[in-house]
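Participant: So the protein sequences, as listed, match chains C, Z, A and X.
When the letters of the first sequence are read in order and numbered with the working numbering, they come out as residues 5 to 376.
When the letters of the second sequence are read in order and numbered with the working numbering, they come out as residues 5 to 376.
When the letters of the third sequence are read in order and numbered with the working numbering, they come out as residues 5 to 376.
When the letters of the fourth sequence are read in order and numbered with the working numbering, they come out as residues 5 to 376.
No lab work stands behind these hints, which were simulated from the structure alone.
One or more of the hints may lead you astray.
Since the list can't tell identical chains apart, any single copy or any two copies may satisfy a pair.
Unchecked claim - 20 Å max Cα-Cα, derived SDA-like pairs, lysine to any residue:
#  : residue 1 : residue 2
1  : K81       : P36
2  : K291      : F304
3  : K233      : T340
4  : K233      : G331
5  : K233      : D334
6  : K81       : E227
7  : K81       : E251
8  : K291      : R272
9  : K81       : A32
10 : K233      : E371
11 : K233      : N359
12 : K291      : R97
13 : K81       : G119
14 : K81       : E71
4 protein chains.
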Amino acid sequence: MNPSTAARELPRTSSASRARTMMAVVKASAGPGAEIREVPVPTCGPGELLLRVLRAGVCGTDLHIVEWDRWSQGRIKPPVTLGHEFVGEVVERGAGVDRFAIGDRVSCESHIVCGTCLSCRSGNAHVCENTRILGVDVNGGFAQYVAVPAANAWRAPANVSIETAAVMEPLGNAVHTAFSGPLSGCNIGVTGCGPIGLFAIGVARAAGAARVIASDVSPYRLELARSMKADAVVDVSRESLVDRVREVTLGSGLDGVLEMSGNPQAVRDGLAALRNGGRLSMLGLPKEPFDLDWNRLVIFKGITIHGIIGRRMYETWVQMDHLLASGRLDIRAAITHVMPMEKFHDAIALLRGGNAGKVVLVPWGLEGGGGA
Amino acid sequence: MNPSTAARELPRTSSASRARTMMAVVKASAGPGAEIREVPVPTCGPGELLLRVLRAGVCGTDLHIVEWDRWSQGRIKPPVTLGHEFVGEVVERGAGVDRFAIGDRVSCESHIVCGTCLSCRSGNAHVCENTRILGVDVNGGFAQYVAVPAANAWRAPANVSIETAAVMEPLGNAVHTAFSGPLSGCNIGVTGCGPIGLFAIGVARAAGAARVIASDVSPYRLELARSMKADAVVDVSRESLVDRVREVTLGSGLDGVLEMSGNPQAVRDGLAALRNGGRLSMLGLPKEPFDLDWNRLVIFKGITIHGIIGRRMYETWVQMDHLLASGRLDIRAAITHVMPMEKFHDAIALLRGGNAGKVVLVPWGLEGGGGA
Amino acid sequence: MNPSTAARELPRTSSASRARTMMAVVKASAGPGAEIREVPVPTCGPGELLLRVLRAGVCGTDLHIVEWDRWSQGRIKPPVTLGHEFVGEVVERGAGVDRFAIGDRVSCESHIVCGTCLSCRSGNAHVCENTRILGVDVNGGFAQYVAVPAANAWRAPANVSIETAAVMEPLGNAVHTAFSGPLSGCNIGVTGCGPIGLFAIGVARAAGAARVIASDVSPYRLELARSMKADAVVDVSRESLVDRVREVTLGSGLDGVLEMSGNPQAVRDGLAALRNGGRLSMLGLPKEPFDLDWNRLVIFKGITIHGIIGRRMYETWVQMDHLLASGRLDIRAAITHVMPMEKFHDAIALLRGGNAGKVVLVPWGLEGGGGA
Amino acid sequence: MNPSTAARELPRTSSASRARTMMAVVKASAGPGAEIREVPVPTCGPGELLLRVLRAGVCGTDLHIVEWDRWSQGRIKPPVTLGHEFVGEVVERGAGVDRFAIGDRVSCESHIVCGTCLSCRSGNAHVCENTRILGVDVNGGFAQYVAVPAANAWRAPANVSIETAAVMEPLGNAVHTAFSGPLSGCNIGVTGCGPIGLFAIGVARAAGAARVIASDVSPYRLELARSMKADAVVDVSRESLVDRVREVTLGSGLDGVLEMSGNPQAVRDGLAALRNGGRLSMLGLPKEPFDLDWNRLVIFKGITIHGIIGRRMYETWVQMDHLLASGRLDIRAAITHVMPMEKFHDAIALLRGGNAGKVVLVPWGLEGGGGA
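Isolated chain C, as found in the complex (with noise of 0.2 Å):
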């Protein structure tokens, strides 16, 4: 099924017709797995808003909880609702909300901040020290509802589609990274063409880039990227990377690179592209820690590196939306599958086999979620 561009014709839920209960994603117990259950309804505390999920994104992250990896068996608290990327709509506001109307749609922040410490105080609340992450320290949108902070949503540009609109958070990664550093006039490497990456083509090319060269090892993740717009893709395995930029930059080498896999080959190749001076910009988690052979590749190069975490709040929101407001990002190529929440399982392996760009879910009781 297709992104539908039809976000405004949904029904809309009076609050008085609303159940007690609804279903959702849940990571139950400490192992492998998620349960697909009827929970309640969350209530609306003051400050927050009460959202009727209607997309919600699929990321990594979640198979990492349904697998059990170590990272999740240290850090979730079972039960917990999955889904930390998602657009709802706003069916009901809790005491000392006015800025959002009924009805609003809007994309979430999945960072919660404690507003407080020397990061948030910073500039940085993106690396708050007590930040805790819808979907996954608290209940998130695999959900028919969600309740979120107000101060963590964010109103949906009225042109973009409801596919878009769900993935505004791992897109909000995209734009972070990219704008980490110089893009304007710049010659840009995307090394990984994972969903992310391939966001970080499109948003690299509308915010400025001179050319925007994508890498990875797989043919239907290129292939998306060639969709992206990327000038030229570069499939590692076959190619060298630092040789197709020589030839692609006439020689000119990368000014930045956004990376975007945590391998650390992909490190090592983007190290060596950048011209000297150059940025490159880590998103993506290496599975462990990997050794640089510093003074060739950043040292004497003059290199910087940046370690990219979650999204400037809410400063990338701002330049997201104005990228998508104003038409000059279309990440629709990226969304290649939209199916009901309730195959929840089925897009974990969709994921797992790799073979996907971003999926999409759809809630219980809405056109193309299924039956409730």
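Since chain C is already given, all that's left is putting chains Z, A and X on it; use the hints.
Facilitator: Frame of chain C; chains Z, A and X shown alone:
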């Protein structure tokens, strides 16, 4: 005559066949006017290149010099060959020059700087305290040949038209102004749609602005602004810039203004249309001092104002080269007239009349350059 | 009376013993003047702190409000308790406040911001479009008690005097102005040696300026500038700022000017004393619009002008805290008077006379605060 | 012997009296060692200065060259006169040099750059792709005379000692590293207290750091760090850097780390001691590739890593000049030995032993320089 793209078809001149004299547009004496006359072909000193001029752009400054305004009276020491925007073909290399080849097509930075003052040593060579300008302080490019320091030469991207290559100097003004603050994902206003304003529209779009809003009072120039793909054009003789900006930006206001007019009201309107925290970059030269309501327009809004002169040497050229060589930036719609250099006075009249974008001249002896 | 450092010796007030009313300095009606009167002790709402005021600073803005100038007429809605610079002891915590303890000494950011406008969401909360100011729009700190949002409270560094803690708000103006451009190793001018200018001298020195050159026309204030350890002080009624700067900087000129006077000639002199490429940061509010020779002072020199308002929330507070807590910054020489709050009108007279640095008030009931 | 301040008392050499040969420290052949021998006095080409060397600093790189390590084997083409840190007196000016006078005392940038590559044209000449280094690729300053491009010469501030002037090149490394991120009001760590680390302590303090915390494993070097006025020194063989940083910074952590050791554990400790969002600037050269836990130390914390090489040409020199000429920066405590150049091999032994800060050599024929 339209700009041609057939730059590579021009015949090359062998050193042996060069005449001892050439035709040139010369500011011959201290007073209004300029003369077309025969002068010696320049010699090519150590570190210099001798160029056969292929095309040259006419600038408002040339108009001022012909009219012999106050600035010209204080600056120009006749006789001097005019012309500070041009592209030429290398026909001779002075001692010590090895990075250009005979036949290379090069555009030129017009500022010859000392390299040793505090500005030059601080990465601000464009505000060198000892600048000499080609076509102003030393003989320039309104001639069949011109000698330039090799350090000032820039190999023109192979894919651009020869007319585009001729105006990289003023295009660099537009790039420098635009790049003096954030562009990616920004709402950018351009106040004043003369040639550099028109270039700036193209630059801001290519460099990733979310929206570009151009303003002027001339229907002719606003039409050119549309051709350069401004997202909105505002005739400020009939509409409020602030109101149109609010509408087009969905209430956000402008993140940046590129001020190209030197008009006091344009500066005030631009400041008023900025969002809090925005920036205004001033390239346009006001005719005389003018006042601002600093509190309301600058201080309470937390605005940054950048005074802009010249082009960064040579960061701006790198940025411009990337935008042109990648095909992201196309300024041909702003080049409205190409005429023989012989008709220099007609070109000046065109500028005076205001119904012209950039005017480009073809020297004697070239196709389209008239007789010699 | 000299500032005391014995901040920790003050007695604490138990919640039970608090009276229902208190003494305060109140702007009671729309017209010149201010009244000392008995008013109710504020209640402490959700998210708020109730502070027993320990010291409060008097600002030029308070003078304007008493004199009922045009700005006050448009902004102030009497009755309102004045005072936007103060330090207090936490005596009560509203619902949901857990990061302060009873007895904490806190200074306060005076701007209460919305958190949701474009400025707030772009990291520019200090230019929030919906700002309300303590002591201007809502009841302030010229009183025995004040209620403030916990988000605006800043635990004062333990090592600073209570008078220093009282004036962190205006000190933050100085820090914000100074930090709006490069400081380390820079030659910095401070034009205008009122309290914030004096603070700025100390800040620029502590923050690594190579040389700090202060200018004013008042011998009294220039003497205070010397006490704050300016490297040179210039009486611009008798000397040329440009000439003295050239001499003191060995010909380099100023890298930055912190403009604290609002005086048009000071702005022009400051711009003239800047090296090419320098910056001028304007905090001083001009009384009315004034003109500049933009070409000569701003554009040809490639100058950047920053309009400065408030303090960055809360980057400026972090920077200020580090400078104070490390002992690098000591502003006590700029605090020239400490007097009972009862004598508010004497304090205002001192400001009007011009022979005062920062004046600090001691509320009723505290040692040095007069009878109650 | 202590550094002298009597720089201006040295006798001047007339051109006529100069001998045809001089003494020098020469890397004579491909293998371990270096020779003191008589060689011709260099000629002074166009654009060059001939300097009588007054003092020269010994660098760890000189040790590597003597030991003939792998890097030296790949880089050095014997014979070459060593020495890339020195101050000299101008005794002859080549053609076209007019901004220095005979008798000027000049320090030298050691990187001779091409001026035309992308790095040079992008304001990053310090990472020029065609750099040649004095004393490495071309004859250097361990000699009685040296010829240098006038563009590389920097008139030493009149107030500094001749030994300080001799080591502006490595001091510039420290300035460049420190200035590659925020300093004013910041908590700065310096990992590694060799000569450049010691300089960096002084630079960070002079440039406005709130606190400077130095770490090493050598009691000798930590004592020198104390002499350079580090606020705290940490012997990481016995204490945890993270713990001490937490204590000294009152829990804030470091805003920046200046990494001067090349030691993998120092890099990891430095990253761990950074606050979220901090920066680590790496000047120290690791002996071999090493690994990091990127997720924990870089990505989740939003860290920026800067690879640092050389000095910015010539922004760093301007900054260094301001810090020295204003008297803010005094590095004399880090210069522990001054000895005759004749005793070069003793100096190398001192470096190898580790119980030395910066070692400065006095050429033959000067007071303190031994016989000639």
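Participant: If you test the structure against every hint from before, which numbers come out violated?
Facilitator: Hint check: 6, 7, 10, 12, 13 fail, others pass.
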